[in-house]
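**Student:** Next come the chains, spelled out residue by residue.
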Amino acid sequence: MNVVEIAGLTYTYPGASQPTLKDISLEIEQGDFLAVVGNNGCGKSTLCKVLNGLIPHFITGDLTGEVRVAGVNTLESDVGALAQKVGYVYQDFENQIVRPTVLDDASYSCLNYAFPDYQERGRRALAQCGLSGREEEYVWQLSGGQTHLLALAGAVSLQPEILILDEPIAQLDPLHADRIYEVLRELNEKQGKTIIVIEHHTEYIADYCRHVMLMKDGGAAWKLPTRQALQRVEELEECNIFPPQVTQAACRLKNAGFLPTDSPLPTTVAEGRRIFPVPGCLPRQNPPSARPPEPPAVSFQKVSLAYRSVKGEPRTIFDGLDLEIRQGERVALIGSNGAGKSTLMKLMVGLLKPQSGKVSLYGESISDKKAEDFSRQISLVYQNPEEMFIKDSIRGDIAYAMQVRGVPQWEERTDELLERFRLKALEGRDGRLMSGGQMRRASLAIGVALEPGVLLLDEPTANLDIATRREILSVLEDMKDIIQTAVIATHDMQLVCQWAQRIVVLCGGRVVADGTRDEIFSRPDLAQLVGIRPPEIFTMAQALCPGALCYTVDEFTNWFKEAQTHAKADE
Amino acid sequence: MQKRMNKLSENLLDKFSMEFLRSQVLKNAYGNDDTVIAALDPRILIVWYLFFGLVPWFVDALPFLLGCFLLVMVTTLLARVAGLVLFLFGVGVFSQTGYLFLATLLFGGDASAIAPLLVLTLKVATISLASVTVFSGLDPDRLSNGLMWFGCPERLSFSISYAYRMLPMLMEEFQNVLLSYRLRGNPPAHETFMGKVRYLIYQIRIIMESFYPLMLNTAKRSRTTVEALELRGYRYAAANKSVKKIKLAALKVSYNDLLFLAVSFLWVAVSILFCALL
Numbered sequence: 001m002n003v004v005e006i007a008g009l010t011y012t013y014p015g016a017s018q019p020t021l022k023d024i025s026l027e028i029e030q031g032d033f034l035a036v037v038g039n040n041g042c043g044k045s046t047l048c049k050v051l052n053g054l055i056p057h058f059i060t061g062d063l064t065g066e067v068r069v070a071g072v073n074t075l076e077s078d079v080g081a082l083a084q085k086v087g088y089v090y091q092d093f094e095n096q097i098v099r100p101t102v103l104d105d106a107s108y109s110c111l112n113y114a115f116p117d118y119q120e121r122g123r124r125a126l127a128q129c130g131l132s133g134r135e136e137e138y139v140w141q142l143s144g145g146q147t148h149l150l151a152l153a154g155a156v157s158l159q160p161e162i163l164i165l166d167e168p169i170a171q172l173d174p175l176h177a178d179r180i181y182e183v184l185r186e187l188n189e190k191q192g193k194t195i196i197v198i199e200h201h202t203e204y205i206a207d208y209c210r211h212v213m214l215m216k217d218g219g220a221a222w223k224l225p226t227r228q229a230l231q232r233v234e235e236l237e238e239c240n241i242f243p244p245q246v247t248q249a250a251c252r253l254k255n256a257g258f259l260p261t262d263s264p265l266p267t268t269v270a271e272g273r274r275i276f277p278v279p280g281c282l283p284r285q286n287p288p289s290a291r292p293p294e295p296p297a298v299s300f301q302k303v304s305l306a307y308r309s310v311k312g313e314p315r316t317i318f319d320g321l322d323l324e325i326r327q328g329e330r331v332a333l334i335g336s337n338g339a340g341k342s343t344l345m346k347l348m349v350g351l352l353k354p355q356s357g358k359v360s361l362y363g364e365s366i367s368d369k370k371a372e373d374f375s376r377q378i379s380l381v382y383q384n385p386e387e388m389f390i391k392d393s394i395r396g397d398i399a400y401a402m403q404v405r406g407v408p409q410w411e412e413r414t415d416e417l418l419e420r421f422r423l424k425a426l427e428g429r430d431g432r433l434m435s436g437g438q439m440r441r442a443s444l445a446i447g448v449a450l451e452p453g454v455l456l457l458d459e460p461t462a463n464l465d466i467a468t469r470r471e472i473l474s475v476l477e478d479m480k481d482i483i484q485t486a487v488i489a490t491h492d493m494q495l496v497c498q499w500a501q502r503i504v505v506l507c508g509g510r511v512v513a514d515g516t517r518d519e520i521f522s523r524p525d526l527a528q529l530v531g532i533r534p535p536e537i538f539t540m541a542q543a544l545c546p547g548a549l550c551y552t553v554d555e556f557t558n559w560f561k562e563a564q565t566h567a568k569a570d571e
Numbered sequence: 001m002q003k004r005m006n007k008l009s010e011n012l013l014d015k016f017s018m019e020f021l022r023s024q025v026l027k028n029a030y031g032n033d034d035t036v037i038a039a040l041d042p043r044i045l046i047v048w049y050l051f052f053g054l055v056p057w058f059v060d061a062l063p064f065l066l067g068c069f070l071l072v073m074v075t076t077l078l079a080r081v082a083g084l085v086l087f088l089f090g091v092g093v094f095s096q097t098g099y100l101f102l103a104t105l106l107f108g109g110d111a112s113a114i115a116p117l118l119v120l121t122l123k124v125a126t127i128s129l130a131s132v133t134v135f136s137g138l139d140p141d142r143l144s145n146g147l148m149w150f151g152c153p154e155r156l157s158f159s160i161s162y163a164y165r166m167l168p169m170l171m172e173e174f175q176n177v178l179l180s181y182r183l184r185g186n187p188p189a190h191e192t193f194m195g196k197v198r199y200l201i202y203q204i205r206i207i208m209e210s211f212y213p214l215m216l217n218t219a220k221r222s223r224t225t226v227e228a229l230e231l232r233g234y235r236y237a238a239a240n241k242s243v244k245k246i247k248l249a250a251l252k253v254s255y256n257d258l259l260f261l262a263v264s265f266l267w268v269a270v271s272i273l274f275c276a277l278l
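Quick mapping for you: the protein sequence lines, in order, are chains F and U.
Here the UniProt record's numbering is used: position 75 in the first sequence is 75, and no number is missing along the way.
Here the UniProt record's numbering is used: position 270 in the second sequence is 270, and no number is missing along the way.
What the hints contain is simulated information worked out from the structure, not anything from laboratory work.
Wrong hints could be hidden among the right ones.
[What the hints assert, rightly or not] Partial list, computed: chain U residues near chain F (C-beta under 8 Å): (1) Y164; (2) R184; (3) N186; (4) P188; (5) M194; (6) R198; (7) E227; (8) L229; (9) Y236; (10) A237.
[Unchecked claim] Covered stretches of chain U, going by a simulated chain F footprint (3 or more residues, C-beta under 8 Å): (11) 172 to 182; (12) 207 to 218; (13) 242 to 256.
Computed from a prediction, not measured in an experiment: that's the story for all the values here.
No residue lacks a Cβ here, since even glycine has one placed at the ideal position from N, Cα and C.
The whole structure should be built from the sequences, with the hints applied where relevant.
**Tutor:** So this is what it looks like as structure tokens:
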């Protein structure tokens with residue numbers, strides 16, 4: 001039975017000249033777990049808002065064609081009736097939580113639709129989403145992952161047949177991301193809910209979803225079972241969707257003649273183990289990079305910090321933290337949500353002051369300086385680019401710090417930066433109105449305007465699709481000449497492996513590991529402790545040969561080819 | 001000495017950071033839900049407040065006012081009101097009447113001015129503390145449910161609880177925007193007296209300029225909230241009478257409420273008796 005039937009859907013936003021959705025015809029079966037993939041701006045979110053009736057009942061515009069959801073024509077229904085059939089979790093899910101306590105929020109919809117047993121329903125939804133026992137907590141006590149689960153519980157409480165999630169794991173660490181998907185799988189398998197996710201992370205699609213739909217320029221290109229869909233490597237890459245690393249590697253090896261042309265491409269590590277022939281085990285060792293120790297750029301000595309909390313004792317973030325970041329290093333700061341990564345960065349720029357201990361910048365204690373004084377030495381790019389936009393145009397924002405300091409030729413410098421970050425065409429726009437990738441580029445340009453010696457980036461790739469992510473990465477490479485020392489706080493292990501020379505793992509306010517990627521990822525106890533996970537391709541190589549250390553698809557294919565040739569030569 | 005002064009002024013500034021304000025607002029709204037006052041029925045408290053918020057205006061008898069004042073002081077203590085609110089209360093009362101006393105002394109008056117001023121001060125203080133007890137002792141949701149029972153429109157009561165939900169978010173956003181200015185701005189040097197004045201003007205200007213990005217960021221965030229409210233049936237609830245009934249079904253007058261009313265009543269009766277005796 002089809003739970004969604006769309007025929008000839010075309011939709012144009014009010015005031016837009018081009019339709020956002022073009023002639024979409026689609027059927028989704030009851031109980032499906034569907035991933036919708038596509039470029040930024042190809043109409044994925046718009047399509048989902050058509051399903052829950054926000055379009056055209058709340059957001060008007062020009063809609064033609066027919067949309068039937070659970071047997072109901074959305075044009076003839078209203079948002080309220082549809083909301084009980086389709087649950088929706090936004091990408092910025094924290095803004096959809098409107099009540100102060102967990103149970104209140106989970107049961108809010110049921111109360112509004114006048115279910116007398118609203119609290120019971122809320123409780124049941126919380127249990128389904130794995131939040132039992134937290135009913136009385138306040139929403140700001142929850143971590144990011146738990147807040148997402150709460151938003152999901154709010155949608156589940158009405159017991160809709162369909163659940164739609166817009167990029168559910170974009171801001172979460174791998175452990176929390178797994179939690180979300182496990183909950184979704186349970187809702188799908190045990191409760192028979194149809195689940196639709198908009199998702200960039202193809203590794204998760206391969207593990208959890210049954211079907212994949214590709215959207216291209218407002219149209220539905222195809223809908224296929226997951227395994228078949230992810231095999232279409234070239235077509236996906238064209239749309240800036242990157243198949244799982246295992247699939248990418250197999251595709252390249254196949255093209256290079258190292259795999260038989262008729263074998264299907266693997267999409268998960270388990271499949272890869274079956275398909276890749278075990279190469280002669282040639283442990284790949286990355287040469288240890290011995291560098292003379294540079295003088296420290298930032299150092300923490302016995303730093304302790306606690307936050308005031310609404311109730312009870314202050315929450316301790318750091319207790320006697322020692323850490324040194326040396327000049328010229330590229331450091332990745334990793335750890336689960338709430339491990340203290342952002343706090344550490346705020347300490348470095350003097351926005352927070354430690355209760356005891358000392359933070360020094362280039363050998364001088366920063367507690368003696370004001371934040372304004374050392375903005376030329378160190379700069380922080382926030383996780384939310386919006387918060388860096390304080391002027392009404394990008395140009396004004398980039399120029400601001402140079403202008404108020406009277407930096408000679410600040411106007412030329414601004415032009416240069418606009419050029420370098422490809423923002424020239426947008427210079428008059430307000431930063432908030434740009435796309436995710438453009439905002440991120442602009443925030444980087446603002447961050448480097450004063451040419452600081454140390455650049456701190458908080459989650460620079462969160463919420464970005466893979467293409468934009470690559471672009472940010474190349475910008476980072478590009479800035480090597482300006483920025484000596486850089487620190488990135490991130491959950492993105494592919495970024496960590498490609499970029500960082502040194503990895504610092506934070507857990508519970510302590511540095512639990514500190515070293516190169518080889519040192520960090522070859523320790524299984526760390527993965528257990530802090531829930532970090534190496535990139536999929538690393539796991540794949542390890543599964544084939546326990547000594548292999550490959551972090552990127554390129555490294556893997558090279559290692560595989562080498563090992564194969566080696567094995568042939570031995571025979 | 002200079003150093004200590006610097007330290008002190010810095011500490012004061014630290015105390016009044018946005019983060020402090022935010023935690024105080026949260027504390028005030030939700031941090032004391034386990035007090036005696038918070039457990040009372042909101043309707044009883046609103047009736048109670050109507051008495052202590054209105055009657056003192058019309059009575060001049062000192063023992064009665066003193067009695068009321070002592071009572072609301074006790075309830076304020078019971079409600080465990082956040083420090084910042086009490087501080088503002090102190091400043092408020094002083095600015096209402098305390099300065100009048102100073103002015104009287106300055107222009108040749110003597111201590112005899114105390115009595116009439118004391119009456120006024122007691123009135124203002126009693127009414128303020130009664131408000132503080134009710135509005136910060138109760139969490140916003142219980143308060144708005146109580147108001148709804150008395151027939152206030154649903155939109156008003158939703159606005160109260162939603163404002164409390166939004167306030168910490170707004171302050172966080174404001175704090176972040178201010179931090180951007182702090183990191184990228186270039187404030188005037190403030191060692192000399194003139195420098196300090198310029199610095200103050202600079203800070204005020206920054207706070208004013210921060211409102212533009214603050215409003216835009218909040219507007220951007222509330223786009224999702226508005227859609228989510230629609231999906232979550234906010235508009236349907238406002239039109240549906242049975243929702244109100246379900247909401248108010250949770251309100252119950254308990255033994256404690258009656259005890260609270262009885263104690264208040266007795267206390268007021270005793271103070272009126274004192275008035276008659278004197």
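**Student:** State for each hint whether it applies.
**Tutor:** Cross-check of the supplied hints:
no. : hint       : verdict
1   : Y164       : 7 Å, holds
2   : R184       : 4 Å, holds
3   : N186       : 4 Å, holds
4   : P188       : 10 Å, violated
5   : M194       : 19 Å, violated
6   : R198       : 14 Å, violated
7   : E227       : 6 Å, holds
8   : L229       : 6 Å, holds
9   : Y236       : 5 Å, holds
10  : A237       : 4 Å, holds
11  : 172 to 182 : holds (count 7)
12  : 207 to 218 : holds (count 6)
13  : 242 to 256 : holds (count 4)
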